[in-house]
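Protein chains in written order, with the working numbering: chain A, 2 to 487; chain B, 2 to 477; chain C, 39 to 133.
Where hints are given, some of them may not hold.
Said to hold, decoys possible - Once the Cα atoms are required to be at most 27 angstroms apart in a straight line, the calculated DSS-like pairs of lysine-lysine come out as:
1. B:Lys162 x B:Lys107
2. B:Lys457 x B:Lys444
3. A:Lys241 x B:Lys103
4. C:Lys43 x A:Lys241
5. B:Lys80 x A:Lys342
6. B:Lys444 x C:Lys43
Unchecked claim - Simulated coverage check for chain C against chain B, where a stretch passes if three residues somewhere in it have a Cβ under 8 angstroms from a Cβ of chain B:
7. 75-82
8. 89-95
9. 100-107
What the hints assert, rightly or not - Heads up, incomplete: computed chain C residues facing chain B, CB under 8 angstroms, no partners named:
10. Leu52
11. Arg54
12. Asn58
13. Lys67
14. Ile69
15. Thr116
Please keep in mind that the hints were generated in silico from the structure rather than gathered at the bench. Note that CB positions come from ideal geometry on N, CA and C, so glycine has one too.
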Amino acid sequence: MIEKTVAELSTSLAAGDISSVELTHAYLARIAAHNDVLNAFITVCEDSALEQAQAADEKRAAGDNSPLLGIPLAHKDIFCTNGVTTTCGSHMLSNFVAPYNATVVEKFNTAGAVMLGKTNMDEFAMGSSNETSYFGPVKNPWDTKRVPGGSSGGSAAAVAADLCAMATGTDTGGSIRQPAAFCGITGFKPSYGRVSRWGMIAFASSLDQAGTLCKSAEDAALMTNTMAGLDSRDSTSIDKPVEDYTATLNDPLEGLRIGIPKQHFAEGLSAEVEQAIRAALKEYEQLGATLKEVDLPNNHLSVSAYYVVAPAEASANLSRYDGVRYGYRCENPVDLEDMYKRTRSEGFGDEVKRRIMVGTYALSAGYYDAYYKKAQKIRRLIKNDFDEAFQEVDVIVGPTSPHTAFELGAKTDPVAMYLEDIYTIAVNLAGLPGISIPAGLAQGLPVGMHLVGSDFAEARVLNVAHQFQQATDWHRKKPASFSQEG
Amino acid sequence: MEWEPVIGLEVHASLSTKSKLFSGTTSEFGADPNTQANIFDLALPGTLPVFNAEALKMAVRFGLAIGAEIGKRSVFDRKNYFYPDLPKGYQVTQLDFPVVGKGSLKIFLQDGSERVIGVTRAHIEENAGKSLHEEFHGMSGIDLNRAGEPLLEIVSEPEIKNAEEAVAYLKKLHSIVRYLDISDAIMAQGSMRCDVNVSIRARGETELGTRTEIKNINSFRFVEKAINSEIQRQQELIEDGGRVVQETRRYDADKDITTSMRSKEVANDYRYFPEPDLLPVVIDDAYIESVRAELPELPDARKARFVQEYGLSEFDAAVLTSTREMAEYFETVADQSGAVQLAANWVSGDLQALLNKNNLEISESPIAADRLATLIARIEDNTISGKIAKTVFETMIEDLASVDDIIEKKGLKQVTDSGAIEKLVDEVIANNPDQVQQFREGKQQVLGFLVGQAMKLSQGKANPGQVNQLLQEKLK
Amino acid sequence: MAFDKSEVEKIAHLARLHINEAEADEVTKRITDILALIDQMQSVDTDAVEPLAHPLDVAQRLRADRVTETNHRDELQTLAPEAQDGLYLVPKVIE
Numbered sequence: 002m003i004e005k006t007v008a009e010l011s012t013s014l015a016a017g018d019i020s021s022v023e024l025t026h027a028y029l030a031r032i033a034a035h036n037d038v039l040n041a042f043i044t045v046c047e048d049s050a051l052e053q054a055q056a057a058d059e060k061r062a063a064g065d066n067s068p069l070l071g072i073p074l075a076h077k078d079i080f081c082t083n084g085v086t087t088t089c090g091s092h093m094l095s096n097f098v099a100p101y102n103a104t105v106v107e108k109f110n111t112a113g114a115v116m117l118g119k120t121n122m123d124e125f126a127m128g129s130s131n132e133t134s135y136f137g138p139v140k141n142p143w144d145t146k147r148v149p150g151g152s153s154g155g156s157a158a159a160v161a162a163d164l165c166a167m168a169t170g171t172d173t174g175g176s177i178r179q180p181a182a183f184c185g186i187t188g189f190k191p192s193y194g195r196v197s198r199w200g201m202i203a204f205a206s207s208l209d210q211a212g213t214l215c216k217s218a219e220d221a222a223l224m225t226n227t228m229a230g231l232d233s234r235d236s237t238s239i240d241k242p243v244e245d246y247t248a249t250l251n252d253p254l255e256g257l258r259i260g261i262p263k264q265h266f267a268e269g270l271s272a273e274v275e276q277a278i279r280a281a282l283k284e285y286e287q288l289g290a291t292l293k294e295v296d297l298p299n300n301h302l303s304v305s306a307y308y309v310v311a312p313a314e315a316s317a318n319l320s321r322y323d324g325v326r327y328g329y330r331c332e333n334p335v336d337l338e339d340m341y342k343r344t345r346s347e348g349f350g351d352e353v354k355r356r357i358m359v360g361t362y363a364l365s366a367g368y369y370d371a372y373y374k375k376a377q378k379i380r381r382l383i384k385n386d387f388d389e390a391f392q393e394v395d396v397i398v399g400p401t402s403p404h405t406a407f408e409l410g411a412k413t414d415p416v417a418m419y420l421e422d423i424y425t426i427a428v429n430l431a432g433l434p435g436i437s438i439p440a441g442l443a444q445g446l447p448v449g450m451h452l453v454g455s456d457f458a459e460a461r462v463l464n465v466a467h468q469f470q471q472a473t474d475w476h477r478k479k480p481a482s483f484s485q486e487g
Numbered sequence: 002m003e004w005e006p007v008i009g010l011e012v013h014a015s016l017s018t019k020s021k022l023f024s025g026t027t028s029e030f031g032a033d034p035n036t037q038a039n040i041f042d043l044a045l046p047g048t049l050p051v052f053n054a055e056a057l058k059m060a061v062r063f064g065l066a067i068g069a070e071i072g073k074r075s076v077f078d079r080k081n082y083f084y085p086d087l088p089k090g091y092q093v094t095q096l097d098f099p100v101v102g103k104g105s106l107k108i109f110l111q112d113g114s115e116r117v118i119g120v121t122r123a124h125i126e127e128n129a130g131k132s133l134h135e136e137f138h139g140m141s142g143i144d145l146n147r148a149g150e151p152l153l154e155i156v157s158e159p160e161i162k163n164a165e166e167a168v169a170y171l172k173k174l175h176s177i178v179r180y181l182d183i184s185d186a187i188m189a190q191g192s193m194r195c196d197v198n199v200s201i202r203a204r205g206e207t208e209l210g211t212r213t214e215i216k217n218i219n220s221f222r223f224v225e226k227a228i229n230s231e232i233q234r235q236q237e238l239i240e241d242g243g244r245v246v247q248e249t250r251r252y253d254a255d256k257d258i259t260t261s262m263r264s265k266e267v268a269n270d271y272r273y274f275p276e277p278d279l280l281p282v283v284i285d286d287a288y289i290e291s292v293r294a295e296l297p298e299l300p301d302a303r304k305a306r307f308v309q310e311y312g313l314s315e316f317d318a319a320v321l322t323s324t325r326e327m328a329e330y331f332e333t334v335a336d337q338s339g340a341v342q343l344a345a346n347w348v349s350g351d352l353q354a355l356l357n358k359n360n361l362e363i364s365e366s367p368i369a370a371d372r373l374a375t376l377i378a379r380i381e382d383n384t385i386s387g388k389i390a391k392t393v394f395e396t397m398i399e400d401l402a403s404v405d406d407i408i409e410k411k412g413l414k415q416v417t418d419s420g421a422i423e424k425l426v427d428e429v430i431a432n433n434p435d436q437v438q439q440f441r442e443g444k445q446q447v448l449g450f451l452v453g454q455a456m457k458l459s460q461g462k463a464n465p466g467q468v469n470q471l472l473q474e475k476l477k
Numbered sequence: 039m040a041f042d043k044s045e046v047e048k049i050a051h052l053a054r055l056h057i058n059e060a061e062a063d064e065v066t067k068r069i070t071d072i073l074a075l076i077d078q079m080q081s082v083d084t085d086a087v088e089p090l091a092h093p094l095d096v097a098q099r100l101r102a103d104r105v106t107e108t109n110h111r112d113e114l115q116t117l118a119p120e121a122q123d124g125l126y127l128v129p130k131v132i133e
């Protein structure tokens with residue numbers, strides 16, 4: 002049962018084949034059995050999960066058949082949860098209990114979903130391997146010597162190993178899509194502004210977007226239906242009606258124009274990944290789509306521009322962690338400056354400090370134009386590249402990551418790590434919707450295919466992903482050591 | 002060498018919105034510490050700002066009132082620095098695209114002249130909290146009630162020439178924001194604060210000298226004293242061969258000197274950048290016109306009207322329009338009493354003296370405008386004399402009875418009965434034969450003495466006009 | 039652009055981070071590498087390009103001026119490292 006998609010579980014719950022309490026027990030048992038190895042959860046909420054499940058079953062009995070009612074999920078530990086610790090993967094917030102729920106959390110609560118716990122992540126979402134977490138690295142269920150990707154690595158591993166039916170994540174430069182690719186699941190980042198950021202701990206405000214980690218594009222549509230929408234508390238949430246993203250999933254792909262960015266099939270892409278993606282593209286041709294090469298001439302500058310914009314915004318966003326009102330404070334500060342400096346140096350890990358330093362430098366007097374302003378201009382060029390490409394094609398398809406999951410500790414050089422996101426980062430700079438879906442295996446490890454749509458073309462992206470999953474079963478593949486159980 | 006000071010003012014006025022700039026927390030003065038500090042105000046993780054519509058409207062009102070360009074697209078920026086009273090570690094402000102651009106206002110000086118002072122810009126920003134340094138065994142206490150309160154920072158052009166002009170400018174701003182009802186602008190409570198930039202240069206020089214900034218001056222009087230003391234310091238420094246250092250200074254009122262606030266930060270580097278949690282604020286002509294349509298009559302227009310409509314002198318009109326409350330008070334008194342000049346004299350004379358003596362605002366006046374109007378009406382209709390009116394006025398401060406009741410109760414009604422006045426006059430003529438004699442010999446000024454005697458005899462209640470007339474008739 | 043140890047010290051102070059002597063070389067090297075990556079931007083001429091600060095080309099929404107929050111001081115101060123008499127306490131602030 003636990004390996005099923007949300008859509009399937011929803012049907013089973015509605016049919017009375019299983020109760021939410023039973024399902025919740027099953028996932029909790031699964032977490033108890035495997036979390037020690039995977040380290041996917043930072044916090045597990047057994048009691049409150051069972052209470053929510055009980056309440057869901059009662060609602061069900063009373064005739065409520067909402068699609069997510071009683072479905073167990075996990076929240077990335079970046080979403081504030083009232084009464085439950087929210088750490089953001091950091092020592093700084095290891096004791097922080099928010100007295101409020103993030104809008105995303107609130108929406109899942111209202112939908113009747115059951116929160117199993119909070120998932121591990123790179124500290125403040127800064128990382129592509131989940132190795133920067135204060136709570137230790139997460140392991141990839143396909144090979145526990147390998148990373149699950151990051152920063153939503155806990156959510157991705159939890160879904161892949163069936164520790165939950167679905168999970169939330171956030172994506173600032175690829176943090177949903179890359180771990181989804183590494184863990185062989187479906188990871189969807191809607192357009193910037195589609196989902197409220199309220200109560201979601203900020204890394205880079207103009208790039209952060211909440212999204213879904215789940216087992217199919219259909220599940221992503223169901224989750225997005227719940228998560229999306231205007232929030233008066235977030236000035237950057239968009240006032241645009243929310244479509245029913247499930248309504249167009251089955252639209253045929255006849256006549257679909259797929260753009261193949263030549264820059265995403267260039268040097269650095271592993272041959273096996275390329276092979277899998279090319280095969281998937283063939284599949285799309287079978288489904289009636291036409292392929293067309295598109296040019297994203299400034300794509301190669303996206304990582305450079307991103308590593309100015311994101312650290313600059315982060316350097317200010319993380320100034321609030323000062324040991325005054327909440328969170329960690331160092332022992333026995335001798336004076337105010339000592340309190341600030343030791344609190345922040347002891348509370349933040351190396352990668353976070355590094356990015357704060359880079360961002361502070363990029364904004365400092367004399368460098369603003371050369372770095373920050375320059376990056377904003379590159380950002381415009383990158384957005385323009387996409388706008389032009391979408392004149393000619395409906396979606397852009399390529400690999401999510403240049404290769405499959407790498408080994409823990411394999412990348413110690415930050416720059417090498419940053420280049421992991423070479424195919425995903427531009428999408429955040431432009432604010433577009435993107436999804437990673439499983440598209441093959443390379444030496445037993447999942448390969449992710451990346452689909453990008455134009456502004457607010459969520460429905461189209463999900464439709465194109467869903468059609469692939471109707472025609473193939475890559476998204477049904479399970480890591481060997483985590484299948485058969487449950 | 003003759004020195005010429007160049008002064009610029011940065012004035013912060015707290016906007017009197019109901020809630021804070023970016024959150025729905027109230028911000029009333031004098032609440033218990035941190036009872037007006039909620040999750041956004043405390044910068045808890047994940048909280049986000051949403052801009053208060055009223056703060057925008059108030060800023061636009063101000064811009065229109067000073068004839069300024071209104072920024073149709075204004076942008077919020079983050080100004081980064083660490084301080085315990087700044088919860089986010091940055092202040093949200095407007096750097097390159099303020100909501101109010103260039104404008105100007107007119108000031109009136111003691112010598113009767115007027116000058117136009119340019120306003121460079123005005124922008125919206127957040128207030129910080131407060132650090133309290135007492136009684137916490139060597140620690141400081143932080144109160145964030147004020148944090149996130151909306152401020153309008155109004156920056157003048159550096160073209161103010163002396164302390165008198167600076168105070169006149171500040172008082173004019175104070176008057177305008179209160180006329181507009183956008184700020185309490187109470188300097189003692191910090192709802193209006195002033196930073197002053199001062200430099201001096203040799204007269205005739207076109208380059209500006211090095212300036213110092215005197216921070217957070219909280220009264221009109223201290224602004225004047227701080228400027229004079231700083232000008233003198235700079236002058237003496239330069240004349241002794243020294244150089245002015247660009248720095249922030251503080252005014253010490255007890256010693257009447259400015260002192261350097263040597264901050265640890267060698268040079269502040271605020272790392273401004275556009276606030277990504279907020280989008281550009283866009284307003285159109287229709288919005289601007291709707292705000293303009295709601296503008297009240299402003300001090301300069303009201304002054305002109307007082308001169309024209311009421312026939313007041315420029316001086317009286319200026320005094321009576323210096324605050325909105327004073328102007329409204331005067332208009333009530335003038336309209337209800339029907340005696341404009343008497344109303345002007347009483348409001349700017351006796352009433353003002355009473356308020357000054359008790360350190361009261363006109364809004365706190367113990368004598369309401371309609372009561373003063375009745376009093377003046379009684380002078381006009383000869384029920385009482387102007388002199389008796391002063392007695393009634395004194396009584397009115399404590400006694401809340403109606404003006405007529407007070408006059409009745411105290412028997413202060415003017416005696417106009419001609420029989421009674423004739424008796425008085427006869428008595429005065431009989432008692433003062435010498436003076437009567439002098440008058441008859443042509444010494445006209447003695448008449449005043451005799452009238453005075455009659456008034457005294459009547460305890461001030463006789464109608465002085467009638468006394469005067471009857472005396473003259475009898476002494477012919 | 040050259041980035042050296044003195045720069046690290048200055049930036050660390052601005053960001054209120056403590057970088058000790060032992061870490062300084064490593065931090066300098068790492069940041070130098072990152073800046074080299076960033077500097078690839080300089081290869082493109084962007085003189086005529088309008089900066090893009092935000093992916094959304096939308097105007098700020100306005101909030102009606104209403105008080106929606108109530109006092110939760112005591113609950114919120116349970117989160118504080120040190121508070122007394124309703125105030126957050128910090129080492130003495132020297133102005």
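Between the alpha carbons of lysine 241 of chain A and lysine 103 of chain B, is the straight-line distance 27 angstroms or under?
Distance ~37 angstroms between lysine 241 of chain A and lysine 103 of chain B Cα, so the pair is violated.
Starting from lysine 43 of chain C, check that the Cα of lysine 241 of chain A is at most 27 angstroms away, please.
At roughly 49 angstroms apart (the allowed maximum being 27 angstroms), lysine 241 of chain A and lysine 43 of chain C break the hint.
Taken at face value, is the distance from the CA of lysine 444 of chain B to the CA of lysine 457 of chain B at most 27 angstroms?
holds (21 angstroms)
Interface hint compliance - leucine 52 of chain C to chain B, C-beta minimum distance less than 8 angstroms:
Where the cut-off is 8 angstroms and the nearest Cβ of chain B is about 6 angstroms from leucine 52 of chain C, the hint holds.
Is the interface hint for threonine 116 of chain C satisfied, with its Cβ closer than 8 angstroms to some Cβ of chain B?
The hint is violated - threonine 116 of chain C has no Cβ within 8 angstroms of chain B, the shortest such distance being about 12 angstroms.
Verdict on chain B covering the region 89-95 of chain C, criterion of 3 CB contacts below 8 angstroms
Coverage by chain B holds for the region 89-95 of chain C (3 residues, Cβ < 8 angstroms).
Taken at face value, is the distance from the CA of lysine 107 of chain B to the CA of lysine 162 of chain B at most 27 angstroms?
holds (14 angstroms)
Lysine 80 of chain B paired with lysine 342 of chain A [C-alpha distance capped at 27 angstroms]:
Holds. Lysine 80 of chain B to lysine 342 of chain A sits at ~20 angstroms (cutoff 27 angstroms).
Could you grab the alpha-carbon distance between lysine 444 of chain B and lysine 43 of chain C and see if it respects the 27 angstroms cut-off?
violated (100 angstroms)
Just to be careful: measuring from the Cβ of isoleucine 69 of chain C to every Cβ in chain B, is the smallest value less than 8 angstroms?
violated (16 angstroms)
Quick check on arginine 54 of chain C please, does its C-beta sit within 8 angstroms of some C-beta on chain B?
With a closest approach of 5 angstroms, the arginine 54 of chain C hint holds.
Given coverage of the region 75-82 of chain C by chain B, tested with a Cβ cutoff of 8 angstroms and a minimum of 3 residues
violated (count 0)
In terms of the numbered hints stated before, the structure departs from hints 3, 4, 6, 7, 12, 13, 14, 15, listed from lowest to highest.
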